[in-house]
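Construct the complete structure from the given sequences, taking the supplied hints into account.
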Amino acid sequence: MKNYYNVIIVGGGVIGTAIARELAKYKLSTAILEKESDVGLKASTSNSGVIHAGFSYPPGSLKAELCMRGNELIKDLTEKLGVPFNKTGKLVVAFNRKSLAKLYEYEKISKKNGAEVRLIGGEEVRKMEPNLAPCLAALYSPNSAIINPFQFITALAENALHNGVDILLNTEVKNIDRKGTKFEICTSKNNLICDYVINAAGLYSAEIARKYSGEDNYKIFPCKGEYHVLDKNISYLISHLIYPVPFINDTKSIGGSGIHLTPTTDGNILIGPSDEYIEKRNDYSTTNEIMDLLTKEAKKFVPKISSKDIIKSYSGIRSKIVPPEIGGYTDFVIEKSPDYDSFLNLIGIESPGLTAAPGIAEYVVNMIDKDLNLKHSESFYPEREKPVVFADLPENEQNILIEKNPNYGEIICRCEKVTRQEILDALNNPLGVRTIKSLRNRTRITMGRCQGGYCLERVADIMLEEGLDLSQITLDGEGSNLFSGLLKGVSG
Amino acid sequence: MSELSSFKSKEKTLVCIKCPIGCDITGRFNSNEVTCIEGALCQRGKEFFVKEVTDPKRILIHHIKVNNGEIPLVSVRSDHEVPQKYIFDLINILNEKEVEAPVYIGDTMLYNPFRLGINIIATKTVEKLK
Amino acid sequence: MNTDRRELVVIGGGPAGMAAAISAKESGVEDILIIDREYKPGGILKQCIHDGFGLHKFKKVLTGPEYAHKYIKRLEEHKIEINTKTLVTNLSQNKIITAYNSSNGMFKVKADAVILAMGSREKTAGAIQLAGTRPSGIYTAGLVQKLINMKNIMVGKEAVILGSGDVGLIMARRMALEGVKVKAVLEIMPHASGLPRNINQCLKDYSIPLKLNHTIVEIEGQKRIKSIIAAKVDDKLRPIPNTKEEIICDTLILSVGLIPENELSRQAGIFLDNKTGGPLVKNNLETNIPGIFAAGNVLHIHDVVDYVSEEASRAGRFAADFLKNKSLSQDNYLSVVSGKGVKYIVPQLVKTNLKQKIYFRPNKPITNPKVVVRIGNEICFSEKFKALHPSIMQKVILPETSKSTKAKFLEVAIE
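Protein chains in written order, with the working numbering: chain B, 126 to 617; chain W, 195 to 324; chain S, 1472 to 1886.
Rather than coming from a laboratory, the hints here were simulated on the basis of the structure. One or more of the hints may lead you astray.
[To be verified] Subject to a maximum C-alpha distance of 27 Å in a straight line, what follows is the list of computed DSS-like cross-link-like pairs (lysine-lysine):
#	chain 1	residue 1	chain 2	residue 2
1	S	LYS1828	S	LYS1811
2	S	LYS1541	S	LYS1617
3	S	LYS1531	W	LYS251
4	B	LYS357	S	LYS1746
5	S	LYS1652	W	LYS206
6	S	LYS1541	S	LYS1530
7	B	LYS227	B	LYS252
8	W	LYS212	S	LYS1835
9	S	LYS1622	B	LYS613
10	S	LYS1556	W	LYS259
11	B	LYS152	B	LYS461
12	S	LYS1652	B	LYS405
13	S	LYS1857	W	LYS245
14	S	LYS1594	S	LYS1835
15	B	LYS433	S	LYS1828
16	B	LYS425	S	LYS1707
Shown next, in the form of structure tokens:
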């Protein structure tokens, strides 16, 4: 770790890490400052994982342009980085006459924006999705896809790190001062100097913009989206993304996606997200009212779904930049700050932020290039080796691995079939984070139907064997200890 | 003063365990007597209540730290019931105790603590760690 | 890879698996393999260090490990083979078992007969849609029991327990003995679901409040749980507004139900009963797949381990019969139907020309009930009881009946 960088990115979510990786292609020193214990712990891993085509946004908007660009780049990117990607296709379903009328309008707008979609009748939908409630018609988008957001953020971060980016976790920005042509950043851990600041701080981006770059025009209105995760036992129920017909604004722009069904690359189904403006930007609680609503809405699509199939619920918080009274469509804000050309603010990066991330990264780097005249680095290595997912391997390959390394023969998480070696690898990740959530996001431990009932104590054993103290076993960093101590005796 | 204290009585409600009906039995008791027993549908229930409030006894269940064993604790119990008021004293003694593996089921861990006429015995076998 | 062939494989070496294997051996099956994922057999009994086990079977009050020991000794005497620290990940319809351990890696076994004895798992916060945040400090009761009793690890200092089933009550006492402040046990129903003995000896003994008709409406805390919000519920179990109460705690323990481990059963294409969560079985505890039997918590959640052993012993005998080709023929089974007042019944298919045991639970506590068994509309058996409680599984022994079976079902009802 140094204390001077060319570029410092505030925020280690999917946007910050995508930008960092893009910057790593040039001869620059870059650091990410992330206040949480790992990258991508907030919106980056509490979304639907959907890769959007971009046709729902007004042509010429940043959302449309960068989402489409991101979409172009993403298939190749996921291959290079070893991230699961699945082109499932999407059905936007109309169950009654009123929504059928809206569906026709949605089709017109989408096609006008360049989408490859087509209308199909109820019968054909039935053949594609036999467990879907009978509908009148649907808009079929064959190019819609899903990605694994956990692997995506981890891969972007690890590849950026591999290419020279420093990732400073548990590091919160406390102050940013202008010092001549540079910035001095005072963090919770150290003082750093840089030429360029990129503010990709998500829910905190408006505050940072206002405090340190003279940007008074924006405020974040946190908007929560709750989700249910369904048991893999019923993953056969759908194979496409299933969406309701969206609300179309007066300006002919398309409103929020509404509560939909998403198959995941791991084989679960997600129900969500909901849509509520909340007071506190760190209120990730789920609520009884919304959880009931999600189940109700899901049953409208697939009657066989019941609350018995839910294994977990979670919520994500969107960074909206207009309050609910105003509502409606707003574009990404990616701008130089009023006070400094070398302080860039990214504010209000909500959906399609995940898809747009690679496009946003290019766009931001272009802005910097105009100022700094960047030089390509010859040593940029674009690939990351796909981590072993033992459970997905055919049996003969499993046997070969076990023969070389008996740690693959010991299954620790029985719901998701995660082996000891995978957990050891995840525990020794290049970012150096060693929490239960960091293991979960890399290996899927505790994400199965028993939610850690079987594996948690075994994982704790492994962490102790690998040198952690009992008091260092946390869910996601300081203050989230799992245990209060040994029952008796001193360890050792 | 001691005469006055013998008039002061406490009230308690217990669920009777003598049969599946599980009557809620309430009564008053002090150091001399048990009175006002209500809720018992049979004599066995009344007797159960009296015993419970005058001289409650329990089997002590706990564990002791094991060194160099396949697991760090050996579960133990008292071989007979002990007066309830001794439970936490016994727990405290057991919390300070450590034994060396192997420990075999039935081994005496603590002999006649507080001269209660009971022993604390191991309820499982913990082999030495290989 | 070579697939070993075995006569009988018992999946699970807990009380059900051990009893089934021993009984099969005693009924003449020579080649038996038990597969268990823990370091030692005994299953869940290893961590149930409290007493109350063995009252029916051994006329003694034993602790869990002591009860298990009786069976482990018999396993050793019979020289029954057991693979420990081995996890079965797959069971196919044609009885091929896939398992993993660190010495052999992955291996497969083709069994002539299988007894499912995998026990149960705990319902989670996610499964009950518990609202609020998800900080650290939320545990299911069985996991806490394992951490405390087997691993010398304490989870917190101030606990709230959700659920008044026996597991929750036992853990309330255990936490109190370990010096943890147990603030309350919350129960959504108007009656406690655990045994009255445990209400006394786990809650009243330690002055732990039991709040009936209560549920948790929210969990609070960012990094570690800092409190729960409890509320009273109405007769439809919905929270009543304005009854919210915050209870400060750093640990929330969930004892909200056990579910039979049915992952392997599903894989094998075994039909499940959605009332019990376990396989549909005939009198002889055989599932719809010939040669695959089930016993213990994997079949339906028991409360007394003695009955688990009894049921599993029968499964062992029936598996032995199957292997000797002496099993019951496939025809003339009646579906067993839960009538008025009955929550569920096992087995779900019966032949009436045999004397047999039927296990059931009432759906609410009732005094002086009469249990009536009908075939079609004719009463074929009835028995009076002093009292029945949902937390105590009951059995009736049906005599063989020669009544004509034009009827398609047998109904057990409580009147």
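*In rising order, the numbers of the hints this structure does not comply with*: Failing hints, ascending: 12 and 15.
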